[in-house]
Amino acid sequence: MISSILISMASMGGMGLLFSAGLAVANKKFYVAEDPRITAVMEELPRANCGGCGYPGCANFAENVVSGTALANGCPVNTADGTETIARIMGVDVETGERLIARVICRGGDYETAKKGTYHGIMSCTAAHLMGGGDRLCDYGCIGYGECVDVCPFDAMYMNENHLPVVIEDKCTGCGNCADVCPRDVIEMHPESHKLFIMCKNEDAPKEARQTCIKACIGCGICIRAVEEGEIVLEDNLARINYDKYGRVPVIPTEKCAPGSFVTFGEEESAEAAA
Amino acid sequence: MRLPTFIKGVHPNDYKHFTCTKLIETLPLPDHVFISLQQHIGAPCTVVVEKGQEIKTGQVVGSSDAYVSSPVHSSITGKVKDIGTFVHPVGGKVQMVYIQRTADEDQWELMPAISDWQSASIDRLNQRVRAAGIVGLGGAAFPTHVKLAPPKDKTIDSFILNGCECEPFLTADHRAMVEQTDKILAGMAIIMKILGVKDGFIGIENNKPDAIETMRAAVRQGEYNFKVVSLQVKYPQGAEKMLIQSVLKRQVPTGGLPMDVGTVVNNIGTAIAVANAVITGKALVERIVTVTGDGINEPKNVLARIGTPFQDILNHCGGLKEEAIQVFMGGPMMGMAQYNLQVPIVKATSGIVCTAEKGQPAERAMPCIRCGTCVSACPMFLLPTRIARLSEMGHTAESEDLGIMNCIECGSCSFVCPSQIPLVQWIRLGKLQVGEMKRKEKEAA
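Note that the protein sequences, when read in sequence, are chains F and H. The first sequence: position 16 = 16 (our numbering), numbered continuously. The second sequence: position 8 = 8 (our numbering), numbered continuously.
Keep in mind that a hint or two might mislead.
With a straight-line Cα cutoff of 27 Å, these simulated BS3-like cross-link-like pairs (lysine-lysine) come out [claimed, not checked]: (1) H/Lys-16 - H/Lys-321; (2) H/Lys-93 - H/Lys-431; (3) H/Lys-8 - H/Lys-227; (4) H/Lys-56 - H/Lys-198; (5) F/Lys-171 - F/Lys-207; (6) H/Lys-249 - H/Lys-154; (7) H/Lys-431 - F/Lys-116; (8) F/Lys-116 - H/Lys-56; (9) F/Lys-115 - H/Lys-321; (10) F/Lys-115 - H/Lys-93; (11) H/Lys-22 - H/Lys-51; (12) F/Lys-171 - F/Lys-195; (13) F/Lys-207 - H/Lys-431; (14) H/Lys-22 - H/Lys-198; (15) F/Lys-207 - H/Lys-93; (16) H/Lys-152 - H/Lys-249; (17) H/Lys-198 - H/Lys-8; (18) F/Lys-207 - H/Lys-81; (19) H/Lys-8 - H/Lys-51; (20) H/Lys-22 - H/Lys-56; (21) H/Lys-227 - H/Lys-16; (22) F/Lys-116 - H/Lys-321; (23) F/Lys-195 - F/Lys-245; (24) H/Lys-79 - H/Lys-93; (25) H/Lys-227 - H/Lys-198; (26) F/Lys-207 - H/Lys-79; (27) H/Lys-8 - H/Lys-22.
These are calculated hints, taken from the structure and not from any lab test. From a predicted model like this one, the values you see are computed outputs, not experimental measurements.
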């Protein structure tokens, strides 16, 4: 009894010693010198592997920053502090750009838009877009099957009960995955300073747009008359804000917009997000 | 004797009894038409008329310089009321010309008839096919003049006229074969002259014995050397590649075209349009449409002007029944469900199917049970369930390896799937992914 325990302990221990010796030798002999800056850069990255920078993941991006093929501020998701630290590690000067936030430019949820019929197909926006565009009548707005929420690596989006995606501003890192996946280009990436939005994409004639969705911009021009010339323009039956001149400070009363597609950000949306 | 056919495929109930004995009725001239500028595969047309312009039947309203494109013509005599975007039956909004009828009788703008087509030059005939705006009327709407001018290095030795009409419900080609036999044969002779081929075949599914009979008699009488081939009833018998396999026992190579095996296939409707264009000089402004299904009061075959709104045609057929649930453009296998009955018929509209029972798709697809039924149904020898799964998971390169681009979207796999998985939709999504991957590769290179 005792002897079998001893034999097994001796043989297992012996094998352990032998293999650890082998590993120790291999560790010395096959050591690959890695630039310590890669680890340092890596530590400053969000490590969510979102792909917003265009590289397969954070580790690959870090390698490319160190080898000089990617810019230190190439990570769109990183905080200003993080980017500065990376720049310091690499010994370069970078301008930290303004933070980008995804904005859902549509308010046509289930309550607002008319329905075409019943959609039986795959619950994916892109697939629905290929097959006539889901059950909402609007050909321009949100389809509502939440593909953007599925691809968000930061849990910064959710679908509300009206089946419209909501961006949680504090969590949004501006990686742009949602904007890329949206087949209707309803999601746009805007700098944080853009506070005013025309929340509609419908280019139809006013009457038709109104029948499609109660929140559709009908191109009435009331917002245009309230501002200086060129600050808001009318294109394809849609008011468009010229952000070079306007839209950074909400000054005009947005409640004048009859369909309510003219929105100041930071009020109800964030209240909804908080709730 | 077993009738010739292709391998695999499915056997849906054909539902042709609604209209297979109904004579083709000419629809009264519509009050207004919407002529879509995109009724074919290829470059869309640009408008060549102005708002307010008086216009004659057969006048060109849109044309394009691109080779793979086809002009569109006004189908009534009237006035251009608007040029704008309207809902298209294939989905989305496209540019259309809205024409209001002003005359009770057609004033035709005809092209000069080529009555001596036997001696006319091939170029002149094919120019006419193009000018008349003829596209494949079977449903794909590929410009016919492109098909009839194969590259020089391909030798074409046989021509097949496609009278299969394998989609359930549709009987437009069937009735045309019975009632407009001479025109079809003349059109076929013209097409064969343009192609310069000797061997002509007419493939007809065996569920149309009267059509086979009539065509055989007419071929004998007209002393044509065409061969009428009676084919087994199976879906998709009328798909080009299947038809070539059934009639000629030739297999179109993967990724290839019928011309790679020396064959060109055209639809019955196309032959009629060619005969009209050459012999009478009429552009393609009307087509035979089957209005059918258990959701319509009087199922009919109608000769309708292109651009006529669905609602007008349905009204002429007694209107929709109260219990009607779905209206399709095209057959139930490959057709598109419609949500707006103001959409106009286009060149590719072979039928309007109105169903009263709930259609095939379930509320929710159930998990794949790996029964392999779709695999034994796929006439292109693909693995639908596997490809669908790969495209669901975003494994684009792998799905391309499995031949996703060869899918003809016939719908056989979705039809037989006991779990009612929308396989074709997944495959379409996968095709989009492959297209995007190719584009990215191209950009990177």
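These are the hints, each one checked on the structure:
no., hint, in the structure
1, H/Lys-16 - H/Lys-321, "holds (19 Å)"
2, H/Lys-93 - H/Lys-431, "holds (22 Å)"
3, H/Lys-8 - H/Lys-227, "holds (25 Å)"
4, H/Lys-56 - H/Lys-198, "violated (38 Å)"
5, F/Lys-171 - F/Lys-207, "violated (38 Å)"
6, H/Lys-249 - H/Lys-154, "holds (19 Å)"
7, H/Lys-431 - F/Lys-116, "holds (26 Å)"
8, F/Lys-116 - H/Lys-56, "violated (35 Å)"
9, F/Lys-115 - H/Lys-321, "holds (21 Å)"
10, F/Lys-115 - H/Lys-93, "holds (16 Å)"
11, H/Lys-22 - H/Lys-51, "violated (39 Å)"
12, F/Lys-171 - F/Lys-195, "holds (17 Å)"
13, F/Lys-207 - H/Lys-431, "violated (36 Å)"
14, H/Lys-22 - H/Lys-198, "violated (34 Å)"
15, F/Lys-207 - H/Lys-93, "holds (16 Å)"
16, H/Lys-152 - H/Lys-249, "holds (24 Å)"
17, H/Lys-198 - H/Lys-8, "violated (30 Å)"
18, F/Lys-207 - H/Lys-81, "holds (18 Å)"
19, H/Lys-8 - H/Lys-51, "violated (52 Å)"
20, H/Lys-22 - H/Lys-56, "violated (31 Å)"
21, H/Lys-227 - H/Lys-16, "holds (25 Å)"
22, F/Lys-116 - H/Lys-321, "holds (19 Å)"
23, F/Lys-195 - F/Lys-245, "holds (13 Å)"
24, H/Lys-79 - H/Lys-93, "holds (22 Å)"
25, H/Lys-227 - H/Lys-198, "holds (11 Å)"
26, F/Lys-207 - H/Lys-79, "holds (23 Å)"
27, H/Lys-8 - H/Lys-22, "violated (32 Å)"
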